[in-house]
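The residues making up each chain are set out below.
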Amino acid sequence: MNDTSEPIVRFIDVQKSYDGEVLVVKNLNLDIARGEFLTMLGPSGSGKTTCLMMLAGFEPATHGEILLSGRPINNVPPYKRGIGMVFQNYALFPHMSVWENLAFPLEVRRMDKAEVKRRITRALEMVRLPEMAGRRPGQLSGGQQQRVAVARALVFDPDLVLMDEPLGALDKNLREEMQYEIKHIHESLGVSVVYVTHDQAEALTMSNRIAVFNDGIVQQLSSPDELYERPQNAFVAQFIGENNRLLGTVKEINGDSCTVEVDGSGIVQALPVNISGNGERTTLSLRPERVTINPPEGTVPNVFDGTVEELIYLGDHIRTRVNVCGHDDFIVKVPNASGHAALAEKATVKVGWATEDCRALDAS
Amino acid sequence: MAEATAGKIVLTTADGVPLKRKLRQTQQLMKRRAFTLVLPLLAFIGITFVWPIALMVYRGIDNPVLSEFMPNAAEAVLDWDSSQSELPPEEVFAIVARDLVQARKDKTVGKVATRLNYELPGSRSLITSSARKLSRVEDGPWMEAMLKADSDWGKRETWAALQRIAPRYTGSFYLAALDMTYDENGAIVSQPENRQIYVTLFVRTLWVSLFITLACALLAYPISYLMATQPLRISNLLMILVLLPFWTSLLVRTTSWIVLLQTEGVLNDIMVALGLIGDENRIQMIYNMTGTIVAMVHILLPFMVLPLFSVMKTISPSYVRAAQSLGATPARAFWKVYFPQTVPGIGAGSILVFILAIGYYITPALVGGRTGQLISNFIAFHMQKSLNWGLAAALGGILLFGVLALYWLYNRLVGIDNMKLG
Chain G
18 MNDTSEPIVR FIDVQKSYDG EVLVVKNLNL DIARGEFLTM LGPSGSGKTT
68 CLMMLAGFEP ATHGEILLSG RPINNVPPYK RGIGMVFQNY ALFPHMSVWE
118 NLAFPLEVRR MDKAEVKRRI TRALEMVRLP EMAGRRPGQL SGGQQQRVAV
168 ARALVFDPDL VLMDEPLGAL DKNLREEMQY EIKHIHESLG VSVVYVTHDQ
218 AEALTMSNRI AVFNDGIVQQ LSSPDELYER PQNAFVAQFI GENNRLLGTV
268 KEINGDSCTV EVDGSGIVQA LPVNISGNGE RTTLSLRPER VTINPPEGTV
318 PNVFDGTVEE LIYLGDHIRT RVNVCGHDDF IVKVPNASGH AALAEKATVK
368 VGWATEDCRA LDAS
Chain S
12 MAEATAGKIV LTTADGVPLK RKLRQTQQLM KRRAFTLVLP LLAFIGITFV
62 WPIALMVYRG IDNPVLSEFM PNAAEAVLDW DSSQSELPPE EVFAIVARDL
112 VQARKDKTVG KVATRLNYEL PGSRSLITSS ARKLSRVEDG PWMEAMLKAD
162 SDWGKRETWA ALQRIAPRYT GSFYLAALDM TYDENGAIVS QPENRQIYVT
212 LFVRTLWVSL FITLACALLA YPISYLMATQ PLRISNLLMI LVLLPFWTSL
262 LVRTTSWIVL LQTEGVLNDI MVALGLIGDE NRIQMIYNMT GTIVAMVHIL
312 LPFMVLPLFS VMKTISPSYV RAAQSLGATP ARAFWKVYFP QTVPGIGAGS
362 ILVFILAIGY YITPALVGGR TGQLISNFIA FHMQKSLNWG LAAALGGILL
412 FGVLALYWLY NRLVGIDNMK LG
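Each protein sequence line maps, in turn, to chains G and S.
Numbering-wise (the numbering used here), the first sequence opens with residue 18 and increments by one.
Numbering-wise (the numbering used here), the second sequence opens with residue 12 and increments by one.
Quick caveat, the hints were computed from the structure, so don't treat them as lab data.
Any given hint could be a false lead.
Here are the computed lysine-lysine pairs in the PhoX-like style, where the Cα-Cα straight-line distance is at most 25 Å [said to hold, decoys possible]: (1) Lys-97(G) <-> Lys-347(S); (2) Lys-134(G) <-> Lys-347(S); (3) Lys-118(S) <-> Lys-396(S).
So the derived label-pair ranges between C-beta atoms look like this [unchecked claim]: (4) Ser-114(G) <-> Trp-400(S): 47 to 57 Å; (5) Ala-284(S) <-> Val-93(G): 43 to 53 Å; (6) Ser-114(G) <-> Arg-343(S): 15 to 25 Å; (7) Gly-151(G) <-> Lys-324(S): 25 to 35 Å.
To list a few chain G residues with every Cβ distance to chain S over 12 Å, as calculated [unchecked claim]: (8) Asn-44; (9) Asn-118; (10) Lys-134; (11) Gly-159; (12) Glu-194; (13) Met-195; (14) Gly-296; (15) Thr-316; (16) His-334; (17) Thr-372.
The structure presented is a predicted model; accordingly, all values stated were derived computationally and were not measured.
Ideal placement from N, C-alpha and C gives every residue a C-beta, glycine not left out.
Just chain S, with the same shape it has in the complex (with noise of 0.2 Å):
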């Protein structure tokens, strides 16, 4: 109205300030003082959060074996030009071969040994043993001695597998991670079939978690319903059958279902005893995917319930009374119009279920057995077992930005504001 009626008049404040600034300076003050309030949030995840997050997605790159360990050797390889020769020339050899034997005085041979075997499989070896013959060997030629001490330096993809691993940032586990890897004339090429396991494992993990999201929202959706129907009573009963898993370890729910799912379990032995099955063919429903899919429905399922029954609370019983008397049936009322009202529920409690199916690890673990596993399973392997961190990093960060994809599509398609979740 004053705007209307002012034109161009700058509005003031009583002393003369102009109005604009005025309010500016006061909300500025209420900013400050909210964002105090969250400061020491906002550190806590960027400590705990965020600082991870980005030191994982960074060790995916990083590659500071060779660099480090052997430095004159990584800068030597790097300037040969593999394209001119077929092996690098004699003062190449003779700074590998001074570099071997100092990491070997070092005790930092076996890592570089290590690193240049996850980029050609069976190298361990090489590195090690020419090592050792090297550190007795007084002088050159230093590329006859190395050849003597392991004729695989006389081979080509063995130095194209040392200047892969030779710059301080490499590509190679992303591409581990997708399956891929360079060939000896660093082109990026599959991975031979044997070792495609990744991709097919990243796909698996998908589809499961789909499946199980699914599977969630179609066993929470009439429990969810029952729960925002009936009275309070019966409601909050339902609702703490619904929490009770909460309260409990999830280990101790996992192996409640080994107990009941396995070969000798609960469920084998009833359907044998009923003569349903033969005692000879019991069915295998765990240690396989049967067991991880199960498991994880059942764990997850309150993630789907809670926001499906706070939607559903809100929606008054009136809507779909109203479309009945409108002339809808009691399904097409249902469908047309209380179903879209709890699409908001299904996409929050989908999204929630999804994320956190995608990345489980324990359960899988657990009941999952050799076809079970997921790509978390592989991820805590390669960080535990073969302690190649970079490809865990790197299968860790196509994991997060797969997930952050599906996110922004999924906000593309549904969009995020219509999530409730209470």
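So that you can see chain G by itself, here it is in the shape it has in the complex (with noise of 0.2 Å):
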């Protein structure tokens, strides 16, 4: 990313109600950077659509100003801001072969002949399907459709293409499939993309950045690994990934670590993220696969005692599902490594896990 060429999008202190009751967007600040794939991640009802939306003009901002390349969009009609748009259930014209649906945009815009010819052929072949030109959208299969789509928006040569959870009607393999490939001609095409979903795996997959939403906010802005690894609040821990959460209260912060007392179960080391001052109610993250079975004496400062209650075998690990400090929902992955600890239901383990891999967050 180039520090010194402006954003592509700016986001200024936009707001949005639908019923003038209730804010939908609260106060929305986002800089998208050009040939950024951000991806604006949430479960439904979190507002991330209402933002595409208002970017790709068909809702108004209630307050707050819209950006495009540093020009204001506020009101410039859709159809004057040239941004390309992928759509959940495609919207492939379906009275039209797919090579008129990739000719809409170009004659639109008065191209000739010639030239219309040079850019379908090479949309067509960008997502490979070169001789499916003649088919109607009802001929083709959701994968095809979706990469019709995906070529109709690009086609045009847009600097922004807008996706609302394009993949949503696929299978999971060709979910996944998918991904790749747009991901793929994100890469090639240097375009910025802006892509809204409720699918954290999906979201991880494809981004340079993840917007979290929740409940109107962007609760985290930052990449994948990022926010995997380093969530913010216990909203996000929670959200992307799975997640171990133990209620407590904090007794001691000391710089780097600090000491919280979980719930009628002892004292926990833990890094302080989100937490402000002794005696404040917080929530412990843990990830799963960063808990250890029966740890080497000494080798990390958080050891319980606990009892396995149910072992799924998953192949690559084994989910692991212990009871330890009063919660029978703790998740340990253990990996299917050689030599793993051979386990058995009932029987009773210690688990640990280092300072830093546990997060004091916010309470709720």
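Assembly of the complex is requested from the two constituent chains, each provided in isolation within its own frame, with the hints serving as guidance.
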């Protein structure tokens, strides 16, 4: 990302309300860099699609300003914004062939015939469907329709493409395949993409940066690894990946570590992230793969006794549910490496984890 | 897959029956079961719909009167070669005279007179009075006696007309329905101009129906669009307003138009009160074509709204959004993306409204006056007043075949598969 070039999109203090009573988007400030793949991730009703629709021009912002390449676009109608868009159900025009669908944005722009032909051919090759030009959308499979929709959004060379849960209707294998395909198209064209999804695996796979939405607010905006490994609050920790939660009260903050008394079961050393003072309620967040079963003595500061409740064999790892600190839904992922601990249900084990893997976040 | 690898080997089920035959057997059972389910309806339609229509078409060519009530005369007249002599020979006169007398005894001579009157207007009294006079004549020569009874028997056209009604089946009703007739030599010619009404009427009915269809489409499109795009609460309200006329009697609706449109009616009163027109210049809006069109558009509008609405309901708003995001102005997005997808609804609504309009009877009868009558009113007239059922059947048959032909044309141009009723 080039710091000197200005962002392609800027949301400045944007608010949106549909009924005048509830803010669906609360004070959004977000810069999207040129060439970036930014994903808006969140549960339904979190305001992510509304943000996309405001950017596309189908919903007016109630307050604030949206800039596209430095130009305010609040009063620019959608057809003058020049933003490509892929819709949830593709919205391919059913009465037109694939070729006509792709020609539509070009003919609207009055391009000459030879240029139209060149661009459509190129776009179809890009999505690997050159032989489908004469078909109607209804004659294509879901994945093919999806590719045509992507090609149509890109055929007129927009700087910015919006995608509104474009893979939601596909089955799992096809979805994963399309994720890579869209990612590769993005990389090869250098176009900026704003992608909306509620599927966190999809977001982690594809994005440069992810904006996690909840309740109309961006909870965290960072790269996928940052988001997974260093969630800034309890919602993000819970929403991205699997997560063990322990509730407790802060006893002492001491620079890079803090002491938390977990409700009813003892003291845990944790990394203070989102807490401000002693006596505050906190949620401790702990990834299941960062927990060790029967750690060698003295290697980790937090060691507790637990009972194995359930073992689920998943091939590459064994998902182990352990009753620890009064929580019987504590999950440990035991990698299926050579020489891993052979566990049995109802066995008593020790579970331990490092201070920096246990993040003390806000209480909710 | 199996076909490709098996080559010519016939696939069989486990007990050795060829797979295709077995499949056909199982499917046949299902088909038979399904057929049994629709059988009562099929019988009902056959008895109440197909059979009466067939009868009607048949009645348009059926010509039983002369061959039934004056069988010998019918035969004799048919045997006479009209190209050889100006008038038939004496023996034909004799047979016709005897049959006329017999028919008078049987009290069927009136029917014969009526039938000949269709063919040769003004010939009713020729038959009845001749029969009366001839019954007093004992013996021939019959030609002389008949000419004495009525000099019209000496006219060639009388005999030509008699010859035309003599065969068991006739095309003269269909010809009459198309404003044509046979001349005295049996050639097909146009009716005299003052008796030509039906072709004009068919053409008028066609144009009025097309106009009503167009008016319905233009009026129904915006309201259907509104219903399809507004939130449920509003669209339900609109739907009730559209359906409200359906819950009111057709007669009530039509007569309420009389109240509104007549020269002393609400609309004229308002315009006079506002000073738009003078009291002496009240506009004639009913008992003419205007009245027919206004009332029929109103009555047939729901038949256009409902198919249009059901088609529009299925068009996702994301199509128009997609078109706009691709750079199309709202007008272009509507015309290139939204409108083409509503064509099946327009097609379904149009064919529904058109076919209903072309055979509409009650409304034009009530509000059409003299100039707003359609073909169905004349069919009814011949059924109920003139009792010329043959002509009524021929008019109805032509209407039926005309609609079928238009339907075929529509299918060729638009494609019936493109039609969506819901």
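For each hint, the structure was consulted:
1. Lys-97(G) <-> Lys-347(S): It holds: about 18 Å lies between the C-alpha atoms, which stays within 25 Å.
2. Lys-134(G) <-> Lys-347(S): Roughly 20 Å between the alpha carbons, so the hint for Lys-134(G) and Lys-347(S) holds.
3. Lys-118(S) <-> Lys-396(S): Holds, at roughly 22 Å.
4. Ser-114(G) <-> Trp-400(S): 47 to 57 Å: Holds - the Cβ-Cβ distance for Ser-114(G) and Trp-400(S), about 55 Å, lies within 47 to 57 Å.
5. Ala-284(S) <-> Val-93(G): 43 to 53 Å: holds (50 Å)
6. Ser-114(G) <-> Arg-343(S): 15 to 25 Å: Taking Cβ atoms as reference, Ser-114(G) and Arg-343(S) lie about 19 Å apart, which means the hint holds.
7. Gly-151(G) <-> Lys-324(S): 25 to 35 Å: At 30 Å between Cβs, range holds.
8. Asn-44: holds (26 Å)
9. Asn-118: The claim is violated: Asn-118(G) sits with its nearest Cβ about 9 Å from chain S, within 12 Å.
10. Lys-134: holds (18 Å)
11. Gly-159: Holds, because the least Cβ-Cβ distance between Gly-159(G) and chain S comes to about 16 Å, which exceeds 12 Å.
12. Glu-194: Per Cβ check, Glu-194(G) is outside 12 Å of chain S; nearest 23 Å; holds.
13. Met-195: About 19 Å separates Met-195(G) from the closest Cβ of chain S, which puts it past 12 Å; holds.
14. Gly-296: Answer for Gly-296(G): holds, closest chain S Cβ roughly 50 Å.
15. Thr-316: holds (56 Å)
16. His-334: holds (38 Å)
17. Thr-372: holds (50 Å)
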